[in-house]
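Asks: Generate coordinates for the entire structure from the input sequences, incorporating the hints supplied.
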Amino acid sequence: MSILAKFSQLKQTYDKLSSVQPNPFAVTFDQILSSTEGVVEGRRTILLGTNNYLGLTMDPDCIEQSVQALRQQGTGTTGSRVANGSYASHRALEQDLAKFFKRQHCMVFSTGYQANLGMLSTLVGRGDHLILDADSHASIYDGARLGHAEVIRFRHSDPDDLYKRLRRLKDVPGSKLIVVEGIYSMLGDLAPLREIAQVKREMGAYLMVDEAHSMGVLGEHGRGLAEAAGVEADVDFIVGTFSKSLGSVGGFCVADLEGFDVLRVACRPYMFTASLPPSIIASTRQALRRLGSDKALRTRLSTNAERLYRGLRELGLQVGPQASPIVSVALEDQELAVRFWNALLQGGLYLNLALPPATPTNMPLLRASISAAHSRRQIDRAIELFAEVAVKLGVLPAGVSAPVALVA
Amino acid sequence: MDSLAIMNFMLEIEDRFDISIPLDRAADIATVDDLVSAVESLVKQEKA
Ligand SMILES: Cc1ncc(COP(=O)(O)O)c(C=O)c1O
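From first to last, the protein sequence lines stand for chains D and F. Just so we're aligned: 136 in our numbering is position 136 of the first sequence, and the numbers increase by one with no gaps anywhere. Each position in the second sequence, counted from 1, maps to that position plus 408 in our numbering.
Be aware that one or more of the hints could be misleading.
[Claimed, not checked] The list that follows gives simulated cross-link-like pairs (lysine-lysine, PhoX-like), each with its CA atoms no further than 20 Å apart:
1) K295(D) x K452(F)
2) K452(F) x K170(D)
3) K99(D) x K295(D)
4) K455(F) x K164(D)
[Unchecked claim] Now the in silico label distances, taken between C-beta atoms and shown as ranges:
5) S411(F) x D256(D): 36 to 44 Å
6) R268(D) x V444(F): 33 to 41 Å
7) K11(D) x V444(F): 33 to 41 Å
8) I421(F) x R268(D): 41 to 49 Å
[What the hints assert, rightly or not] So the derived list for chain D, only partly shown, Cβ under 10 Å to chain F, looks like this:
9) H90
10) E94
11) L132
12) A134
13) V249
14) P357
Calculated from the structure, these hints are not laboratory results. Quick reminder that beta carbons are idealized off the backbone N, C-alpha and C, glycines included.
Replies: Here's what the structure looks like:
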């Protein structure tokens, strides 16, 4: 029997899904024309599934900084910060991030996935307790598995359930760390952070917020949900990524905790992997400067998000609970979702197809992520296409179409 | 049962008995007997 035999059921599902053309798991962008447009199979395609919230992947200043660093410092660091040394720019980026979040300390990781893996497996250890939102991202679950703390879950975004679970742990020794996300990546819903922070204060625990999808998106200064909810003082650790609003790759954790730096020599996903190349650090620093100084980006993003969310909701499609730069449409079954996704792509619109069990409600999702760089016309075209395809596939009754005012 | 149904079932059990079943304990549960003994020992622990 093959070593891969255990995947036979998965393979069956995968083969069935990838028999449709184009294969939803192997989309290739032959060309990237801008941060919101590419070429797929010879067609100009609107990119509405890239997490490129501020559109900074093509920002000329970010590119220029990156190119300069590349020429001056080379293509890679070829080693880990701990074993092979840091470049000055690693330090500088950590200082920039600490300052941006108004915190004492910052550690930069090679991806956001590794930031969660590292922090969750190291901050809590044997005899400690990790209390996760049930709908947490894979990187949070994997970090929990890598460490030795006891892991329990509370119902998604349910502060009362969190309270009950902390109450049960009241007299149990060990540190307690609660982990939530700012914006949840599948439905775009926000954590009830004020209520969660109150439970945390009352019961005595540490609180970590993953602001992967909310940094640069929420808050007066773009510091994320903790800022928007006014509870930054209650949030002990913020983790995040450079791969979304900052348009590059990498991850980080910021904190005010005394003695934080000891983690640099305790945290394996930080120590035993190569550090980010200087060109990535350079564009990320520039993107952070832009994010911090250009509030108009955030305004444009929320206007675009609101427009798409309202447009799809008004068509009668089943969208998530609130408008945010992630807008997902739930469909009845997998086959329909694949056909819907395909028809959109044929029509020149790319977004993400998310299938159970990766989705929180067991329904397949068409997941859009909106960018400040999308034009109004692109958003309206997306709504129009959704309407056409939904009618064609019988998801919406005949005669439904995008309101004329929207298309104008 | 799919994984979402299993998760909801576990959350129900936790509510019903006022316990939290840690993920590593949950991973070891394969039969109804396993579940019963895990719940019993957690309930006992809770009362202690
Ligand atoms: C909530 C959340 N945390 C962490 C990550 C990981 O980020 P990265 O792409 O930097 O590994 C992601 C994105 O994939 C995410 O959605």
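Asks: Return the numbers of the hints above that this structure violates; sort them in rising order.
Replies: 1, 8, 9, 10, 13
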